[in-house]
Amino acid sequence: MLKDCIENVRKTVPLVHNITNYVTVNDVANVLLACGGSPIMSDEPEDVEDITAICGGLNINIGTLNQRSIEAMYRAGAKANALGHVVLLDPVGAGASALRTNTAVGLMEKVKFDVIRGNISEIKTLALGSGTTKGVDADVADAVTEESLDAAVKFAKNFAEKTGSIIAITGAIDLVADANKCYVIRNGRPEMGKITGTGCQLSGLMTAFVVANPEAKLEAAAAAVCVMGLAGEIGWSRMQDGDGNSTYRNRIIDAIYNMDGETLEKGAKYEVR
Amino acid sequence: MLKDCIENVRKTVPLVHNITNYVTVNDVANVLLACGGSPIMSDEPEDVEDITAICGGLNINIGTLNQRSIEAMYRAGAKANALGHVVLLDPVGAGASALRTNTAVGLMEKVKFDVIRGNISEIKTLALGSGTTKGVDADVADAVTEESLDAAVKFAKNFAEKTGSIIAITGAIDLVADANKCYVIRNGRPEMGKITGTGCQLSGLMTAFVVANPEAKLEAAAAAVCVMGLAGEIGWSRMQDGDGNSTYRNRIIDAIYNMDGETLEKGAKYEVR
Amino acid sequence: MLKDCIENVRKTVPLVHNITNYVTVNDVANVLLACGGSPIMSDEPEDVEDITAICGGLNINIGTLNQRSIEAMYRAGAKANALGHVVLLDPVGAGASALRTNTAVGLMEKVKFDVIRGNISEIKTLALGSGTTKGVDADVADAVTEESLDAAVKFAKNFAEKTGSIIAITGAIDLVADANKCYVIRNGRPEMGKITGTGCQLSGLMTAFVVANPEAKLEAAAAAVCVMGLAGEIGWSRMQDGDGNSTYRNRIIDAIYNMDGETLEKGAKYEVR
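Chains as they are written, first to last, in my numbering: chain B, 1 to 273; chain X, 1 to 273; chain C, 1 to 273.
By construction, these hints were calculated from the structure, which means they are not laboratory data. Any given hint might turn out to be false.
No distinction is drawn between identical chains; accordingly, a pair holds when it is met within one copy or between any pair of copies.
As the list claims (entries may be wrong) - The list that follows gives simulated cross-link-like pairs (lysine-lysine, BS3-like), each with its CA atoms no further than 25 Å apart:
#1 K181 to K266
#2 K194 to K11
#3 K3 to K194
#4 K266 to K110
#5 K110 to K11
#6 K157 to K110
#7 K162 to K194
#8 K217 to K11
#9 K194 to K269
#10 K110 to K269
#11 K217 to K269
Looking at chain B on its own, in the form it has when it is part of the complex (with noise of 0.2 Å):
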């Protein structure tokens, strides 16, 4: 029940350490705290074991990577796998650059993670170890349609079993498999494109809502994608004349401060596969 996810977080209030981009930062703590859960932010190399050895989860993501937040994601990673805690990857703009695939693809290597969340062109990157990502967001040739759905959920799944990882891939439809099943999901609006980080976003609610669910983690990250999703479009009910991105970014997270469990269970729109 996606219901019992969010009354999760709620209850028990997962503490997230982040390492993550300085663009979205802000909207990924408030959404945290909206969520149930609570943020903290740390990405020096002899902060990093510390904090997250607090925490419940640990969300990295490469945005805005430097040789030092690099570090750190490989020291905090290696710690929060010693501790048995949740760990989620966020390939930003993999594909992108050298360093930035090369970053994702070696994280992969020395750090197990519970969930790998991006956008298709990311993901086909380090499963395939190429492919092409205008800035952040997917490339329309390989967008998830109604018409490549069943080639993409295979993938999803195939990926998910060679790495051992939740796969979420985030886009028009969203995808959340792991070896076996395959959640399909149809929340969301385009307009939620125009707002910087939504991505950044839902990658650290879906930390927390997984650290909050141990005992059932994929259907707690599909719970995040939906929660996310159903929030754009409650957020985008509330729109009034003369409104745009700005004001959609906080409706949006108003939106995920007021959900409950049976607003989540009426408004998600999935199928399982």
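Place chains X and C on chain B using the hints.
Chains X and C alone, transformed into the frame defined by chain B:
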């Protein structure tokens, strides 16, 4: 008079140098502008001495510290002390990691702070050389409540005497103390804890208030706490159905922007012990 | 036609690489999305050449510069020049510290900028090798006013001729000049100065406009200034009782999001000298 404290900020437009975390920095800047001050940010060691020299105050926040910014904190602090500027320490997460605790303690040894502002857990860490911090929130068992108030007031005064700094401990009940006098403030709302960085925002605001009121630093620090808490109350009163923590953040900053001396005098809830 | 300038942005979705300060970066990203562009941020020297290569323009903002990001600015600037991309410099705080002044001047020696955009104090610092900057606001004595307009226009044209760059000087009256022609723009509102980063936002916006209009760079830069100022006017007209600078920030970005060519043509207030 609290009224004078805020009016002096608006009249003199204090320029505040902030070495602060990248999570909440944008809100800190907008809060400084809202209250009538002017913000500038710099955390590069080669830059901070020049920048702090043209300012009236320095706000050091260790929220996302790194080796570079730590060096910048020491250099800026020394320069600000040499010039007789107001310096404030916000020891975010002291107690949560060795680096944070050691940095805060080390700064207190080398830099003379006019004000140290944190939650009870952070301040206890500094005072006792120990303590635990769950993220950046005060440990619930150590919260300042009506029951623990007498002991907390005594603790704040003692630590103020020991350090020669004004000690501001914020939470459900806020304390602002020097060795002899403690403001006990009951403004604010619990929902402010669901917004990232209200503490960081207060530290920026407080620095501006102390700079603008050199003859009444304790009262100015207390006035800043009242402004923030009262803005939280006014902002909450403007919340509409469906609003959440993201909109609340905007409404609080808006309330600071619109606050005048009369509103502050009427709305401030404090006693002196 | 200004109308064409904004419509070209919406049609071509220019990808802009930003090396910018962490104070206002989120707003810069949302403004780029609002106007129809697409943002990507990277400030790691090992990353920036790959990132800038896939973009159409590069926006360099020295607002929270550090030794790492300065190296990234030089490397990205050289790469962007080699590829014939649009490059813009926003010399935040030039004149306020030796490092900022030297970095801006050094970048101008090594990188060919299509546009340099700052306040009068910053631009004077670059032009004259001296000047004072109080924070990031123009020195009041040196503001561009109706009285000082003739001299300021001449100064802007001269500096444009000397540098071969379009010079954009923003304040109460905005100037956008090349060696022969100067747009004098009177859009905007003084309350925009109470929001952090409207200048940074404009620099991002302007980069996208110049990228999308390679045959009309001067007009495109002027169009960007009109868009920002007009959005400030439209945003202000939507303010309600109790709103302040935080809500105003959202309304300005919203107004950019909703601006079409007709609105821009009707609302732009400029003359050419």
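Results of checking the hints against the structure:
Taking CA atoms no more than 25 Å apart as the test, K181 paired with K266 passes inside one copy only; the shortest distance there is 22 Å, against 55 Å between copies. For a Cα distance limit of 25 Å, the shortest separation of K194 from K11 across copies, 15 Å, qualifies, whereas the shortest one inside one copy, 32 Å, does not. For the homomeric pair K3 and K194, the shortest alpha-carbon distance between copies (21 Å) is at most 25 Å, but the shortest distance inside one copy (29 Å) is not. Taking the closest pair of Cα atoms, K266 and K110 never come within 25 Å of each other, the shortest separation being 40 Å inside a single copy and 58 Å across copies.
Taking CA atoms no more than 25 Å apart as the test, K110 paired with K11 passes in neither setting, with 32 Å inside one copy and 43 Å between copies. Taking the shortest Cα distances, K157 and K110 sit within 25 Å of each other inside one copy (22 Å), while across copies they are farther apart (50 Å). Taking the closest pair of Cα atoms, K162 and K194 never come within 25 Å of each other, the shortest separation being 33 Å inside a single copy and 39 Å across copies. Within a single copy, K217 and K11 get their C-alpha atoms as close as 17 Å, which meets the 25 Å cut-off; across copies the closest is 42 Å, which misses it.
Taking identical chains as interchangeable, the C-alpha atoms of K194 and K269 lie at most 25 Å apart only when both belong to the same chain, with a minimum of 22 Å there against 28 Å between chains. When the C-alpha separation of K110 and K269 is checked against a cutoff of 25 Å, the pair qualifies neither within a copy, at 35 Å, nor between copies, at 54 Å. Taking the shortest Cα distances, K217 and K269 sit within 25 Å of each other inside one copy (19 Å), while across copies they are farther apart (47 Å).
Consistency with the previously given hints fails for numbers 4, 5, 7, 10, ordered from lowest to highest.
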